[in-house]
Amino acid sequence: MSRLQHHALLEIQGLSHFFGGLQAIDGVDISLSEGLIAGLIGPNGAGKTTLFNIISGAYNPTHGKLLFCGRNITGRPSHRIVQLGIARTFQNIRLFPGMTALENVLVGRHTRMRAGVWGAVIRNSGTRREEHAALAKSEEMLEYVGLKHRTDEPAGNLSYGDQRRLELGRALASEPKLLLLDEPTAGMNPRETAMMTGLIRKIREELNLTILLIEHDMRVIMGISDRVTVLDHGSKIAEGTPEAVQKNPAVIEAYLGKQAGALRLKRRLRELPGETDGAPA
Amino acid sequence: MHVTSDAENRNIFRRLGSSGPPWLRLTLLLVPLSLLPLIVGNYWTHVLAHVGIYIILGIGLNVTVGFAGLLDLGYVAFFAIGAYTYGLLASPQFGYHVPFWLMIPVCALVASMGGVLLGIPVLRMRGDYLAIVTLGFGQIVRILLNNLDGLTNGPKGLLRIDPPSLGNFQFSTPTHYYYLILAGCILAAFTASRLNQSRVGRAWAAMREDQDAAALMGINVLKYKLMAFAIGACFAGIGGVIFAARQGSIFPDDFSLMVSINVLCLIIIGGMGSIPGVILGAVVLIGIPEVLRGLALYRMLAFGALLVIMMIFRPSGFLPAARLKVEMKRK
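Sequence order for the protein chains is A and B. Counting in my numbering, the first sequence tops out at residue 342, every number present. Counting in my numbering, the second sequence tops out at residue 787, every number present.
For the record, the hints were derived by calculation from the structure and aren't laboratory data. For glycine and all other residues, C-beta sits at the position ideal for the given N, C-alpha and C. Mixed in with the good hints there might be a few duds.
Footprint (simulated), chain B over chain A, 3 or more residues, beta carbon under 8 Å [stated by the list, open to error]:
#1 108–122
#2 126–132
#3 151–162
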């Protein structure tokens, strides 16, 4: 364990990724030390979700290296990465809708279980014990995210906010060291957002996890993160405390500056009819 | 963790699939099934045994299609592999007479290997593409059987295949086979339901519902796909051995595409993913045409109409699995 403290938990080195000719990630370096909540922000199409997909093994990066606990995990298949201790949620919820809430969490538990075909059929004492332990753990996770009363409900029937929390419970069931949250409060009302933010803080404190989260709600990200990384067009343009990042001119240019630009454009368009009246372009 | 209450404990047991007194339920089911041949006579016993073989096949294909969501239209290939492996090693064809009971695990293994063999090239395919490739596989196996004259005796088939025996007792009447096949069905249903309610079954269900999400939740999708093909094929292999032993002779034409389609149909009619559904589906699909024999030429017409009506009123089958019911509703 002491060696771990010298390493960052996750080290992303010179990461680039291309989709055909399109460069989605351009030489990104991120180092994440244990116990942090790190925010990942950037305008639409900045490459945030692509970065998540690379970390979780869905894509194999074109260039660069990923080190997790000092171990090279670049190009490992996603099920191995989950087993090593990285779990994630999805921007557009990807639950198993026909399976109950409990079964969804049990699937998250899969990687910490061993039973194979023989164990499943014969159901020997080892398998039974494992299954009972997994059920207990999964029920605990459901309670943790506040869905105990929905245990046997098919995930597809849950409300939007409940589905987001179930995804979180499913990810936690794999006992990750690093949790990747892709817009955990997207589409939530203020009350649900506050609840989710509280839950994320609680997870960090009680489960001793490191969290990397993508978020569009600036209040959430500024309130919750210890550190923020900003991506734009696939490159890292800033990194630091939320306060420092907010004041960074490059960020304002890329992020808020564009909004200001959009406002200006809108105003101009509103003026257009008067200007162009009778004058063909 | 808090102490779990009684109600929760019951819940856990229900989820593990061991509710109530299972021995009582099993007896209630078994006694009438065992007495059936004494009541219905030889002809219907024969029909029921035929239905039973389809139940074994249906339960097997249900693992691949219903549990794991891999549409396999070449399932008959594994049935053929099982039947021919037995036929070749327990008939005068080469003069080998390996005992039936030894051939059951051997053929199950050979058919499973066939499943893996089919599985490897199609690992990255989904849906329609998978269906087409498996369809081709089924045809290839039948055509091989038809043309490898030196090995399989081609269209002339394998004759005088050994019947099973237990000590001095030889299986010969329809009733004997009825009991053999009944035992096979029970074993198949037991195995499949245990698999379904396990870590393996959950992994298949997750994969069926969202393959990418399943992989990102830690499921080795390639491995579980191969397992689904292999285990599904294993049931068909065992079904093939029993089929060959019961018929006494097998021909390549016994393993036509229609078998694959029938087995798939009975799963869909019964309710995808549900074992009671598969059993009911086999009874309806294989049994009803026999009941309708009185209609002579109009038999298949009436049968077809029944199927169409049924699918209109119960599109997810007679006894759909709970999980799939939700999926259907959402689509």
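Task: chain B covers the region 151–162 of chain A, three or more CB atoms within 8 Å, holds or violated - done: With 7 residues closer than 8 Å to chain B, the region 151–162 of chain A meets the three-residue bar; holds.
Open item on the list: Please check whether the region 108–122 of chain A has three or more residues whose CB lies within less than 8 Å of a CB on chain B.
Closed with: This one holds; 3 residues, not fewer than the three required, reach chain B with a Cβ under 8 Å.
Task: Coverage of the region 126–132 of chain A by chain B (three or more Cβ within 8 Å) - done: violated (count 0)
In this structure, only the earlier hint numbered 2 is contradicted, and the remaining ones agree with it.
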